[in-house]
Amino acid sequence: MMSIILHECKKALTSPILIGLLVVFSAFNLFVIISSSDHKAELKIINEIIETYGLKITDDSLDEFNSNVQLDVAELNRMTASEFTSVYEFLDGLSFENQEKYSDEQWEFIHRLQLKEMYLNMAKSIDESYEGIDIRKLAAGEIEKYGLSGKAAETFLNENEKFFERFKEMVSNGEHKQWFFAGKAYYMHTFLFKTIFLQIIIESLLLIILTTALITTYEFENKTHLVAYSTKRGRKLMKNKLLSALAIAAVIVVFLFAITLGTFFTVFDYSHVWQTSISSAFNWEYNFPYIAWWDLSVGTFLIGVIALVFVVLLLFSGLTFALSVTVKNSYITFFLVAALFVLLWLLPSFMPKSANLLFVSAYTLPTLLLAVSSSFMGSSGLILFENFEWMTVSCWTVITIVVCYMSYKRFIKIDIS
Amino acid sequence: MLVVKDVSKRYGDFTALQQINLEFNTGLYGLLAPNGAGKTTLIKMLATLIAPSEGEIYYNGKNIIDMDEQYRELLGFLPQQFGYYKNYSPKQYMLYLAALKGIGKKEALKKIDDLLEKVALGDVVNKKMKKFSGGMIQRVGIAQALLNDPKILILDEPTAGLDPKERARFRHLLTELARDRLVIISTHIVSDIESIANEIIMIKNKQLLYKDSVEDICSTLRGNVFETTIDFDLLEAFRKKYVLLSEKQEYGKMIVRFIHKGVPEAGWKPVAPQLEDVFLYEYRDEIEGEV
Amino acid sequence: MRILLNEVKKIFTWKTMLLLLFINSLVYFLLIEFYIEYFPNGSGIYSYNIGLEKYGVTMDDDEFIDFKKVYDEIVDEATRYMQSREEFVAAGLDTYELFQAYDWGNPSQEASALRDDVFFGKKTELFWDLQERERLIEFYNFRKSIPEVLTDNQRDRLNELIAEEKFGVYTEIVIRNFKSYITNVGIAILFSVVLVISPTILRDRSRGLLQLQYTSKKGRNLFKTKLLAGYTATFIIITGLLTVYLGLYSLNNTSMFFKVRINTFIANESWYDPTFFQFIMLCVAAIYLIGFIFVTLSMSFSNVVPNMVSLIGIQIPFVVGFLIFGLNRLLPNMILIWIPKWLTPFSYGGMVIVCIIFIYYLIKREKKIDILT
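Protein chains in written order, with our numbering: chain X, 1 to 417; chain U, 1001 to 1291; chain Y, 2001 to 2373.
No lab work stands behind these hints, which were simulated from the structure alone.
Owing to the predicted nature of the structure, the values given are computational and were not obtained by experimental measurement.
It cannot be assumed that every hint is accurate.
[Stated by the list, open to error] Estimated spans, in silico, between C-beta atoms of each pair:
1) Ile1065(U) <-> Gly2247(Y): 51 to 59 Å
2) Val2149(Y) <-> Glu117(X): 51 to 59 Å
3) Gln70(X) <-> Val2070(Y): 36 to 44 Å
4) Glu128(X) <-> Gly2247(Y): 49 to 57 Å
5) Lys1106(U) <-> Leu346(X): 27 to 35 Å
6) Val2149(Y) <-> Glu42(X): 35 to 43 Å
7) Glu128(X) <-> Phe2120(Y): 41 to 49 Å
8) Phe2258(Y) <-> Lys353(X): 35 to 43 Å
9) Phe2120(Y) <-> Ser149(X): 46 to 54 Å
10) Ile1065(U) <-> Leu346(X): 37 to 45 Å
All residues carry an ideal CB built from backbone N, CA and C; glycine is no exception.
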């Protein structure tokens, strides 16, 4: 059994083009990471802050931080022989010529002070910003923006109420008062979970669809089907092919994740922020902070998202398998899976904006994959539902199993000629 | 007419054919050899599908590769396995090939009908080929090879998939054609060509072994082929001692046909050597090596 | 030629037609629909017709004076509107000038509410209209200024344009909409031709048809015919698709802009100065070129790779690489001064030369190669 599966795997692994693509994709990912890494040194400041003042932002730690910054400002004043109250005053009033006056070392100090002040100010303004968030009003705005009405609006408001409760809970727990890379300055969350993850996802999908189609239709395309399917193992070979395809899919995903994320976390030092809550106030990049339904740390969130993506990609391998077994032509299969992906993703746009169908039609694998940076969160627009991730994955696991089973059973019965 | 001069073919380190010299004229030639001996390589070189590593092939004094389309115009070729378009009918398929062979459409239509009739496919002219049996596909292949009334007809294993009646019909067709054409058939079904070939070509160890009439080839074993009856348990020993050509079980004993060069023993019946006997004798090492 | 026709017929099967329909529908709903359905949109609605109605293809100083006059008239209308509403008078905002001068950085509760009302309350479009006109006026006032960071070539070109009085004063929404539209149409067409043409040469190889094809009178010259058939099919597909897509584009009613020179649109400084219509034609030509270049690549791979999956796999980096790095620079922005002047002719020329070399070697190779299957 095992040796059959290994043989099937070999069919994909010995294709030079697929190996080549894996290499090209990895290189591309590394290129994107490294070319956007100019701010990696700046990011390290947060590690210092966490080490000195602890992970949580308390009144005490803020006070301590504040006094240290004041000391630095005093130092600045000594350096510049003036009476600034903040480094920004200094920078605003700085003329072009005076820039030359300070050594590189001094500029480093000034730069770090600038970052510290930025973080300090952001930390100080947390309470105020969060008080200014009116979840209900924002929900109303969303309803208008998307043009929801009727049942859809009702459902949305209901879920939003649940989110409101969670929001209040989170604020009172102080989950959001933990240090993280400044969202509006660095967009680290989007960069990792949207840009990089999306690349990995699309690349994996392409490779998985190709390898699964290759393995499944191999006998037909190489005209060995008459011999292969009349052996003792016979048509049950398809089961081996499915397992082999899933195995290869897993290898591809693990490989791409390992290389890409390995490089990412080597370049960007996350060593101190793993424990930070993903709902940190600093994780606020656009109009609204990222707020998860549960108290997830950055590390947990990362693992959760990786697991989610892994499972979904395997499901896609299964769906491709079911299609290949039926269609028997790898070219058409590839195209059909790609088309299916796009169609499922576009599904909500064909739904009426007053029915719950609008939301239901978003519980698809492509939607989940393409919005992975907003997983597990209530701040994600029309897919804010608490049950979105597990519901989508479970339903589609069932669908995939059923579809695979049905196509396999059909294959057992049909004529092969 | 067609001359193969000092032709060799190598694929990297492996030599398929070495220093082959042949001359063909009008008539029917059988190319007889076991699989892997280089039959198909030679055939493909004659068909311009592969180029010789050394040597040249001439038609009426001109190199066939240089002649380009003038040579191919005279060529009719049926490969061992050929491709076709499943959704085409034989008529559409042959129209497609007719265009490639430079035959005008009107003329082609007439020829196609005639030829398909000739290969007994007259009533499925417009049916899609994906519904055809293997034998029917093969007959379409034969028909297309004759489409341009070729002066040189090369057929690689043409009777695979044909039943005995079709084979007999095919033999008759070939004999007719060979009257004013060069017909080369590559096969290892000896009965197909034994009765109709003018000359048989046998290749052994990458080189030419025989190029002669059937009688002359058979005469190489004259007086060396015998038949006798032995007990079943003596068979094993017998096999080791002599080259066995065939064994048949009858009335509890084995009738064996075998080769012996030298003085015959009592009880052995001398028989006239057949082409298949020569085939089995000449290629015995290769065959035994395989088994 | 019958043979060429036969080869083209092999490409256009009903399955292929279905594939084309499908791909284009998908890409249409995914990328293209927006630019037809929602045009003009946003604040562009108000400037869509401005200028063209009265001033023709350029706006000279006199016409600008007239434009300012119209603007002033509308300002008066806005003032009258504000005065007709008590809340405005109460908040001390009873003229447009006061409205403009207000410190919107620190608004009072009432002022904020009023502002939201006129901009988002949908009761009047006056303020949007005024805002847009102000923007256009500002651009007109700055038409002769040149940004600091430029290469010498760019600076020279800008000075040239200024000297010829070719200012960017007309609203850019028309040209921007077209550029976005044609880029996405380009993507649809690229996918269409690559997906349809790639498998054609591979199919005959996989099926073992070469043995019969290459021993016929036509022989290995058939390969040239197959290439030609690929190009013919590409031409037919691109022409058909462009007809449909440009037909759809006409629903945007931008024909009155056709005679406007493209440098007259805001933020569209270009190396050359075609009219909008000529620019459209240029984009069409570019799409044909891109199609032919990629089809050459596809057919080359089709002749060499062992199976369909490899065929798809090997083309992915090329197509995706082009879409990410090349498409914008070579299609909508091909004559914009922000890309080097030599890039467009060099790239296209280079790619065409590479294609010619490919074809030459492929044909030569096909003449000599052993046909083993």
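Status of each hint after checking the structure:
{"no.": "1", "hint": "Ile1065(U) <-> Gly2247(Y): 51 to 59 Å", "result": "52 Å, holds"}
{"no.": "2", "hint": "Val2149(Y) <-> Glu117(X): 51 to 59 Å", "result": "30 Å, violated"}
{"no.": "3", "hint": "Gln70(X) <-> Val2070(Y): 36 to 44 Å", "result": "58 Å, violated"}
{"no.": "4", "hint": "Glu128(X) <-> Gly2247(Y): 49 to 57 Å", "result": "55 Å, holds"}
{"no.": "5", "hint": "Lys1106(U) <-> Leu346(X): 27 to 35 Å", "result": "53 Å, violated"}
{"no.": "6", "hint": "Val2149(Y) <-> Glu42(X): 35 to 43 Å", "result": "24 Å, violated"}
{"no.": "7", "hint": "Glu128(X) <-> Phe2120(Y): 41 to 49 Å", "result": "25 Å, violated"}
{"no.": "8", "hint": "Phe2258(Y) <-> Lys353(X): 35 to 43 Å", "result": "37 Å, holds"}
{"no.": "9", "hint": "Phe2120(Y) <-> Ser149(X): 46 to 54 Å", "result": "19 Å, violated"}
{"no.": "10", "hint": "Ile1065(U) <-> Leu346(X): 37 to 45 Å", "result": "56 Å, violated"}
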